[in-house]
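There are 2 protein chains.
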Amino acid sequence: MKVEIITTGTELLLGEILNTNFTWLAQELNLRGFDVLYQTTVGDNPVRMKEVLDIAAGRADIVITSGGLGPTRGDITKELIAEYCGLDMYMNLEVWNHIYDLLSRRNICIAANNEKQALVPSGAIVLHNGVGTAPGLVLEHGDTTFVMLPGPPFELKHVCEQELFPYFEQRFPHLGIIKSHTLKLRGIGESNLAEMLDDIIINQSNPTIALYARHGEILIRLTAKASSAEEADALIAEMQEQVEKIVGAYVYGYDEDTLPEVLGKELLFRKQTIAFAESCTGGLASSMMTDVPGSSEYVKGSIVSYTNEVKNQVTNVSKTTLSKKGAVSEETAIEMARGARGVIGSDISISITGLAGPGGGTRKKPVGLVYIAVADANGEACRKYNFGGTRTQIKHRAAMAALGFALDRLKESSQTNAEEMIHDHDADR
Amino acid sequence: MKVEIITTGTELLLGEILNTNFTWLAQELNLRGFDVLYQTTVGDNPVRMKEVLDIAAGRADIVITSGGLGPTRGDITKELIAEYCGLDMYMNLEVWNHIYDLLSRRNICIAANNEKQALVPSGAIVLHNGVGTAPGLVLEHGDTTFVMLPGPPFELKHVCEQELFPYFEQRFPHLGIIKSHTLKLRGIGESNLAEMLDDIIINQSNPTIALYARHGEILIRLTAKASSAEEADALIAEMQEQVEKIVGAYVYGYDEDTLPEVLGKELLFRKQTIAFAESCTGGLASSMMTDVPGSSEYVKGSIVSYTNEVKNQVTNVSKTTLSKKGAVSEETAIEMARGARGVIGSDISISITGLAGPGGGTRKKPVGLVYIAVADANGEACRKYNFGGTRTQIKHRAAMAALGFALDRLKESSQTNAEEMIHDHDADR
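Residue numbers (my numbering), protein chains in the order written: chain A, 986 to 1414; chain B, 986 to 1414.
Please note that the accuracy of each hint is not assured.
Because identical chains share one entry, a pair is satisfied inside a single copy or across any pair of copies.
The calculated lysine to aspartate or glutamate pairs, modelled on EDC-like cross-linking and capped at a C-alpha distance of 20 Å, are [said to hold, decoys possible]:
1. Lys1210 - Glu1316
2. Lys987 - Asp1240
3. Lys1035 - Glu1154
4. Lys1369 - Glu1226
5. Lys987 - Glu1036
6. Lys1101 - Asp1184
7. Lys1035 - Glu1100
8. Lys1310 - Glu1397
9. Lys1369 - Glu1154
10. Lys1164 - Asp1029
11. Lys1349 - Glu1316
12. Lys1304 - Asp1086
13. Lys1210 - Asp1073
14. Lys1210 - Asp1029
15. Lys1309 - Glu1013
16. Lys987 - Glu1246
17. Lys1304 - Glu1315
If you are wondering where the hints come from, they were derived from the structure by calculation, not from laboratory data.
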């Protein structure tokens, strides 16, 4: 079932409001197995709207409009569609009584133009609007089904959930459903990922696979169409397995997961606490971690040392290291991590020191150069990064990389511990 | 100038993301005197996209696309428009060098499909993309001007502001020019502000006046349309004077000013350094301050104490205060500020302690309760706030309030000092 959604209203074309009606409708209809192929926005202009209706009727099976059912002169959707279909309108008493009751209950005196809202094209199915004056309407015209919905998001959702979707289920029982599953990756670029997955991407049909880049992470979305949720899940699981065989190492979570959440869960699971020693990120890493409800369970704190003096006096980085190696160096990063772990008293600590720019870069130490170190019971480790982007992007990418490093370390360390246990065990013999 | 905006991407048709690109473009183009008459969304499907391009070219003077310029197979906008216009593509070395530099700086190895992004239709004007790999493109075809913009909102805005809008001003001078000037206010609610400015708002014509509430601040946007920049500036200056007569006390900055920047300038001007002691904001306040280039001149650091243990051991809050008054109290806030100032050694320090929620609230200490204290040479002061919103909104509002408090304190303290000097002077007699 090809669907086009037409959202009307000058306020949309002026950019005064976001088109949340379309986003919501698209989600709901895709889930129900409809193919939403086009969305058009047009103003309350008879000529342009008629033209848009004509194009939509020509390329979609179902044309859904939102808006233009109100009492004012500017509301012309119903009138135009009736005219387009060559239908007269009649005063629908049921609708009129509903409008009358609703307005009376709200102590709003009925205006003449409210009668306009009770006019229904002959042969149209009325979708009762329990929360507003404008009913939804379904109209058959040749191969095209026109659906008219009220513009206020609250009314549109109500009419869809109470009336339209049940009607669709009755009328299109054969429609399958669509399910989506998102893999979240870090530590790899979009282009490299696309190349690694090229075979799968070329041969995709159902499920489809799509890549999206976000600051510091990449999303892989698998979307399956099937006759049942179980079947869709099975299709997705199969492709997910193929994908993770190739790039599983970069996957840190799924769907709504965020890196701070995933790291938080890992810390909770291991009953470990974390501390930060931040320089160029200025507190962003700990702020991101504490965006997660309940993070006080495992985040102990952070020392933001924006001067060498503070690095030395609060985080205990030696003056020699700072003068010989500089604030942006592997050695400083490691001493910062070690220092913060001691001062704050956490199981694991992460330090970040680098050049966020735009100034301060040199040939040897360019803007974007960042050292991230981790300290835990197993000792310290450091990674070197070169991030691109603006000052705030570099901060964000560095913070994300730091959380990712901590996550890796937690997983490694458990392996190390396992090995050590085996080793000890051998030693016992 | 009739404009149609075509936004591409399956994620839009699946209803997974809101079409913020269209809303922003529509606002900016309407401001500049363009008539945005149509907006269409279509998926990454060659047949449907070609059809949509053809319809748009038939009814609009300017067709603007967003999305589909990336390196993956799904990105087909540029290829289709070139084909539609019957143009070959060539490898643009300038673009290629930019992509190469950008990816090298980020240590991302260049993938074969990155070359695709450097292909430019012959005769196209390249809109340099300083913050991403995909350049924007302008293409003349008969009476139609095609404009291709990258999909990531951050890149789209950057390319428009830096390249496209200046190009439009040159090319369509008759549209007149639009100038906007924004006043930034804090410490007052939107509805109160609207009431105070009621007369001006009712009688607005040119310039227009619009109020926007952002987390923790309010924007007043004055927009004038005129035939010259000078004329527009004069119109704006006149209305700004009226507005500031009424609400000037709440204005902290203009246009691109941010509270961290304004506070930073104030600190620089007074040769003062600042430190933070953060609990519920988790490092957000210092992170916001360090988003400003050159902030290392006045930000010394921050101690994020997310546990009482750290509040006591690192920030020197007395155990008695913590046990008797609790972590969220005026007393703790004041000791945190005093402690951070001592430990980090700054001229002024700001502490933030509160309940960001969603859990942990009680009747006496509800979620949103935040104490913010300041410590400087003149002693300490504390303010109590009750913020609404989600966990992250409360964090943001608390951080903004803290920076605002620091700004007030700096201005007060200079007065105090002045008074003290006079006082001392009298004492000398």
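For this structure, which hints from the list above don't hold up? Going through the list in order, the structure violates hints 1, 2, 3, 4, 7, 8, 9, 12, 13, 15, 16 and respects the others.
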